[in-house]
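One letter stands for each residue in the lines below.
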Amino acid sequence: MHIPDGFLSTNTWLASWAISVGGIGYSIKKTAGVLKDRMVPLMGVMSAFVFAAQMINFPVMGGTSGHLLGGVLAAVLLGPYAGALTLACVLIFQCLIFQDGGLTALGANVFNMAIAGTIGGYGIYSLIAEDRANEKRVLAGTAVAAWFSVVMASILCALELAISGTAPLGIVLPAMAGIHALIGIGEAIITVSIITVILKTRPDLIYRPQGTVTVSLSNRDSLSSLRQGLS
Amino acid sequence: MGEKEILMGLAVAVLIALLVSPFASPWPDGLERVAKDQGFLEKGEEPPVFAAPVPDYSFPGICNKEWATSIAGFIGTMAMFGIGYGVAVLIKRRKR
Numbered sequence: 173m174h175i176p177d178g179f180l181s182t183n184t185w186l187a188s189w190a191i192s193v194g195g196i197g198y199s200i201k202k203t204a205g206v207l208k209d210r211m212v213p214l215m216g217v218m219s220a221f222v223f224a225a226q227m228i229n230f231p232v233m234g235g236t237s238g239h240l241l242g243g244v245l246a247a248v249l250l251g252p253y254a255g256a257l258t259l260a261c262v263l264i265f266q267c268l269i270f271q272d273g274g275l276t277a278l279g280a281n282v283f284n285m286a287i288a289g290t291i292g293g294y295g296i297y298s299l300i301a302e303d304r305a306n307e308k309r310v311l312a313g314t315a316v317a318a319w320f321s322v323v324m325a326s327i328l329c330a331l332e333l334a335i336s337g338t339a340p341l342g343i344v345l346p347a348m349a350g351i352h353a354l355i356g357i358g359e360a361i362i363t364v365s366i367i368t369v370i371l372k373t374r375p376d377l378i379y380r381p382q383g384t385v386t387v388s389l390s391n392r393d394s395l396s397s398l399r400q401g402l403s
Numbered sequence: 006m007g008e009k010e011i012l013m014g015l016a017v018a019v020l021i022a023l024l025v026s027p028f029a030s031p032w033p034d035g036l037e038r039v040a041k042d043q044g045f046l047e048k049g050e051e052p053p054v055f056a057a058p059v060p061d062y063s064f065p066g067i068c069n070k071e072w073a074t075s076i077a078g079f080i081g082t083m084a085m086f087g088i089g090y091g092v093a094v095l096i097k098r099r100k101r
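Protein chains in written order, with the working numbering: chain S, 173 to 403; chain B, 6 to 101.
One chain only, chain S, in its complex shape:
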């Protein structure tokens, strides 16, 4: 749902740019405190993966397709803020190099998908996954959050279109939310499949907020997170 130039009124895109610049700044600040060394290459891999996966449109119903958003996937592995930055990097790159999403609409696209979709999605995931100790809760949280992230982003997109006077809210909101409720099912299936593989092979890659040191962490990690928590 990359918004092109021309869909948003000047006031709308200027305001969403301002919110997104603030959101990215805040995310950089929050990420600096929690970014562990092992997460640096993971952020590279996630950026590459989200970019590649977003190229793969899958059909959802007659004549309509959707693709992975990847925000919840990134946030489950990197945490909400590094996840949001990963999505923002992908969206900026897609806009500047591939003309996917307009430059004026970039602020809205970053807000909908990287900030609301990713950080908001992570919030829902966290409520269900709790301390990540239970695999089933992690997967259930991932599924629900993945679906919500897509629907939430589409609702915000609809609101921006309505505020811009591009389409009446009463029509564009149900239309966007309806189609994206279907695309969100694809998002949930893909995200849960990937997280299932990661839980089986490298469960330590699942992001755990500071303070929830679990047995699956190595001693070195426990010590360093304890040290971070104290400082």
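To be clear, the hints were calculated from the coordinates, so they are not data collected in a lab. Hints are supplied without guarantee of correctness; some may be wrong.
Below, simulated DSS-like cross-link-like pairs (lysine-lysine); rule was C-alpha separation at most 27 Å, straight line [to be verified]:
#1 S:Lys202 to B:Lys97
#2 B:Lys48 to S:Lys208
#3 S:Lys372 to B:Lys9
#4 S:Lys201 to B:Lys9
#5 B:Lys41 to S:Lys208
Dock chain B against the given chain S, drawing on the hints supplied.
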């Protein structure tokens, strides 16, 4: 993350971009569909504010559409890995 896992993760991303992207569904996405149905699609069809070098994930100068997408996907994925990694390194450095 060990070197082996980084390479494996990157390999998965590259293979998706290289081999699967040419066969992605050409149908409009959710937003395009709604824009088409509600008649505001043409609002987004004026020339963009900024002309990107590789519009529509089609690498310029390659006649075969599948190859053009595949190559754009490959280069984009490799570049995206470098950008994501680089941003993480910069944020980490900023902390100290």
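| said: Hint check: S:Lys201 vs B:Lys9, CA-CA at most 27 Å. Holds or violated? | reply: 30 Å, violated
| Holds or violated: S:Lys202 with B:Lys97, Cα cutoff 27 Å? | Satisfied, since the Cα-Cα distance of roughly 11 Å is no more than 27 Å.
| query | Holds or violated: B:Lys41 with S:Lys208, Cα cutoff 27 Å? | reply | Outside the cut-off at roughly 45 Å; violated.
| field | Holds or violated: B:Lys48 to S:Lys208, with C-alpha atoms at most 27 Å apart | value | Distance of about 44 Å is beyond 27 Å: violated.
| Can the restraint linking S:Lys372 and B:Lys9 be considered satisfied, given a maximum Cα separation of 27 Å? | Judged against 27 Å, a Cα distance of about 17 Å means the pair holds.
Checked against the numbered hints given earlier, this structure breaks hints 2, 4 and 5; the rest are met.
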